[in-house]
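Colleague: Construct all of the structure, not just a fragment, from the sequences and the given hints.
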Amino acid sequence: DQQVKQNSPSLSVQEGRISILNCDYTNSMFDYFLWYKKYPAEGPTFLISISSIKDKNEDGRFTVFLNKSAKHLSLHIVPSQPGDSAVYFCGSSGGGADGLTFGKGTHLIIQP
Amino acid sequence: NAGVTQTPKFQVLKTGQSMTLQCAQDMNHNSMYWYRQDPGMGLRLIYYSASEGTTDKGEVPNGYNVSRLNKREFSLRLESAAPSQTSVYFCASSEWTGYQPQHFGDGTRLSIL
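Chains A and B, in that order, give the protein sequences.
For what it's worth, the numbering used here labels the leading residue of the first sequence as 1, then goes sequentially.
For what it's worth, the numbering used here labels the leading residue of the second sequence as 1001, then goes sequentially.
Treat the hints with care, since some could be wrong.
Covered stretches of chain A (in silico footprint by chain B; criterion: 3 or more residues with CB under 8 Å from a CB of chain B, positions within the stretch not fixed) [unchecked claim]:
id: 1; region: 29-41
id: 2; region: 46-54
id: 3; region: 102-112
Calculated lysine to aspartate or glutamate pairs in the DMTMM-like style (CA-CA distance at most 25 Å, straight line) [what the hints assert, rightly or not]:
id: 4; chain 1: A; residue 1: Lys104; chain 2: B; residue 2: Asp1056
id: 5; chain 1: B; residue 1: Lys1071; chain 2: B; residue 2: Asp1106
id: 6; chain 1: B; residue 1: Lys1057; chain 2: B; residue 2: Asp1026
id: 7; chain 1: A; residue 1: Lys38; chain 2: A; residue 2: Asp59
id: 8; chain 1: B; residue 1: Lys1071; chain 2: B; residue 2: Glu1052
id: 9; chain 1: A; residue 1: Lys5; chain 2: A; residue 2: Asp84
id: 10; chain 1: A; residue 1: Lys68; chain 2: A; residue 2: Asp31
id: 11; chain 1: B; residue 1: Lys1071; chain 2: A; residue 2: Asp98
id: 12; chain 1: A; residue 1: Lys38; chain 2: B; residue 2: Glu1073
id: 13; chain 1: B; residue 1: Lys1071; chain 2: A; residue 2: Glu42
id: 14; chain 1: A; residue 1: Lys38; chain 2: A; residue 2: Asp98
id: 15; chain 1: A; residue 1: Lys38; chain 2: B; residue 2: Asp1106
id: 16; chain 1: B; residue 1: Lys1057; chain 2: A; residue 2: Asp31
id: 17; chain 1: B; residue 1: Lys1057; chain 2: A; residue 2: Asp1
id: 18; chain 1: A; residue 1: Lys104; chain 2: B; residue 2: Asp1038
id: 19; chain 1: A; residue 1: Lys38; chain 2: B; residue 2: Glu1095
Sample of chain B residues lacking proximity to chain A, with all beta carbon distances greater than 12 Å (derived) [to be verified]:
id: 20; residue: Lys1014
id: 21; residue: Ser1075
id: 22; residue: Ser1111
Quick caveat, the hints were computed from the structure, so don't treat them as lab data.
No residue lacks a Cβ here, since even glycine has one placed at the ideal position from N, Cα and C.
Modeller: Shown next as structure tokens:
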């Protein structure tokens, strides 16, 4: 059973507008969350993270929001740029010694 | 900055052949990981090494072995390759386990016929 779900396989947004990518998780032990961006034929690149003691974290054009009661997080990209077109993965961790649990990804397409 | 380097980038094997995927990081990280990514799927953890000298199974360890050769290097071995192991393999590292972002290599694309 998927512990991390990204229910939108793809998302198309106009350049300059806001992109909102969503992620849901089921494991209550998860307390550290990350977003990665992936271009074809490259490895995932770390974008931004948030721990469960916060509900928001910003880094430039990227903001991650965490709603612990709903077990939901979202990544906002403002304004969206053509270089943002990529697959975005949500990852979660219980902060322990093991690795990350990832969603299946959302393919973001920025339209000119 | 090299970061995480994986070799080879591409490989085709026949069923039953063996192969070792190599991974090295130059960030002085303590923890290293192996993931696989299949079409339409997220990355799934195969094995990880929290620190030099330790290795542990992840979500999908069957058919694989690993060696943490030293602090820099973490290899993944397929002893008898099967078509179900056709995938893209990613190595990652982090300063420590836990509340740390992981940094990924560019992957090894492995096809098993």
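Colleague: Against this structure, judge whether each hint is valid.
Modeller: Here is how each hint holds up against the structure:
Here's how the region 29-41 of chain A fares: 4 of its residues keep a CB closer than 8 Å to some CB of chain B, so the rule of at least three is met and the hint holds. Coverage of the region 46-54 of chain A by chain B holds. Counting CB-CB distances below 8 Å, 3 residues qualify, and the rule asks for three or more. A stretch counts as covered by a chain when three or more of its residues have a beta carbon under 8 Å from one of that chain; for the region 102-112 of chain A and chain B the count is 4, and the coverage holds. Of the supplied pair hints, the one linking lysine 104 of chain A and aspartate 1056 of chain B holds, its CA atoms being roughly 24 Å apart against a limit of 25 Å.
Using a Cα cut-off of 25 Å, the hinted pair lysine 1071 of chain B and aspartate 1106 of chain B holds, with the two alpha carbons roughly 20 Å apart. At roughly 24 Å between alpha-carbon atoms, lysine 1057 of chain B and aspartate 1026 of chain B fall within 25 Å of each other, so this suggested pair holds. Note on lysine 38 of chain A and aspartate 59 of chain A: the hinted pairing holds, with a Cα-Cα distance of about 18 Å set against a maximum of 25 Å. For the hint linking lysine 1071 of chain B to glutamate 1052 of chain B, the alpha-carbon distance of about 5 Å falls within 25 Å, and the restraint holds.
This hinted pair checks out: lysine 5 of chain A and aspartate 84 of chain A have alpha carbons roughly 21 Å apart, not beyond 25 Å. Pair hint lysine 68 of chain A plus aspartate 31 of chain A holds up; C-alpha atoms about 9 Å apart against a cutoff of 25 Å. Of the pairs offered as hints, the one joining lysine 1071 of chain B and aspartate 98 of chain A holds, with about 17 Å between alpha carbons and a cut-off of 25 Å not exceeded. With a CA separation close to 24 Å, the supplied pair lysine 38 of chain A and glutamate 1073 of chain B stays within the 25 Å bound.
In summary, the hint linking lysine 1071 of chain B to glutamate 42 of chain A is supported, as the alpha carbons are separated by about 24 Å, within the 25 Å threshold. Note on lysine 38 of chain A and aspartate 98 of chain A: the hinted pairing holds, with a Cα-Cα distance of about 22 Å set against a maximum of 25 Å. As the CA atoms of lysine 38 of chain A and aspartate 1106 of chain B are separated by approximately 10 Å, the hinted pair is consistent with the 25 Å bound. At roughly 21 Å between alpha-carbon atoms, lysine 1057 of chain B and aspartate 31 of chain A fall within 25 Å of each other, so this suggested pair holds.
This hinted pair checks out: lysine 1057 of chain B and aspartate 1 of chain A have alpha carbons roughly 19 Å apart, not beyond 25 Å. The suggested pairing of lysine 104 of chain A with aspartate 1038 of chain B holds, with an alpha-carbon distance near 10 Å, which does not exceed 25 Å. Only pairs whose Cα atoms come within 25 Å are accepted, and lysine 38 of chain A paired with glutamate 1095 of chain B is accepted, the gap being roughly 21 Å. Listed as a non-interface residue, lysine 1014 of chain B keeps its Cβ farther than 12 Å from every Cβ of chain A; the least gap is roughly 24 Å.
With a closest Cβ-Cβ approach of about 17 Å to chain A, serine 1075 of chain B is found to remain outside the 12 Å limit, as its non-interface label requires. Interface exclusion of serine 1111 of chain B from chain A stands, the closest Cβ pair being 15 Å apart, more than 12 Å.
Against the hints set out earlier in the document, no violation occurs for any number.
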